[in-house]
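Visitor: Based on the sequences and whatever the hints tell you, model everything.
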Amino acid sequence: MPTDIIAPFLEWLSALPAARMLAASPFAQGAAVTLHLFGAMLLVGALVPMNLRLLGFWKAAALGDVRRVLSPVALAGLIIAVLSGLALLSQRPFAIAAVPAFQAKMALIALAGVNALALRLVPAWRLLDQVDSRGTISRFRTAGLISLVCWFGVLALARWPGLF
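Numbering-wise (our numbering), the sequence shown opens with residue 190 and increments by one.
Think of the hints as simulated: they come from the structure by calculation, not from any bench.
Have a look at the derived ranges for each label pair, beta carbon to beta carbon:
1. Thr331 to Arg257: 19 to 29 Å
2. Trp349 to Leu316: 34 to 44 Å
3. Pro261 to Ile326: 19 to 29 Å
4. Ala250 to Ile195: 34 to 44 Å
5. Pro215 to Leu272: 16 to 26 Å
6. Val311 to Leu241: 12 to 22 Å
7. Ala250 to Ala217: 37 to 47 Å
These numbers come from a predicted model, not from an experiment. Each residue gets a CB set at the ideal place from its N, CA and C atoms; glycine is no exception.
Guide: Right, dumping it as structure tokens:
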């Protein structure tokens, strides 16, 4: 992710009022970090059991029921993590965007997003509420494995020196 391609976005981000507020207030910065961790916790905390279920664990639990409970939690976590992450990025956008670990983290998040969207295009995924979804299919297992690997990588890269 060369920073020159996203330079206009990074400039816009650094000009937001949130960037000035975070720079001026250690409390606001701590709150943003806490929100980011909370969002990540919700997201990954919901996705790990969902992905394990996709891999074939807990077959007694219908996949449709697991999805119905965990998907909204994962979405809420994603929204919180993205918004707070953008706030944190706004403090030093060019410096952070130049860190290879940040670039790898963004690539893994993009891959996880494409994987999730592709899963939603699988006809069997859309029919989970209409069938007995106690089993799993190879496409579900693949999606679960890709997701677990991506989110583990994101969490590992999140603590890389020089990010926040």
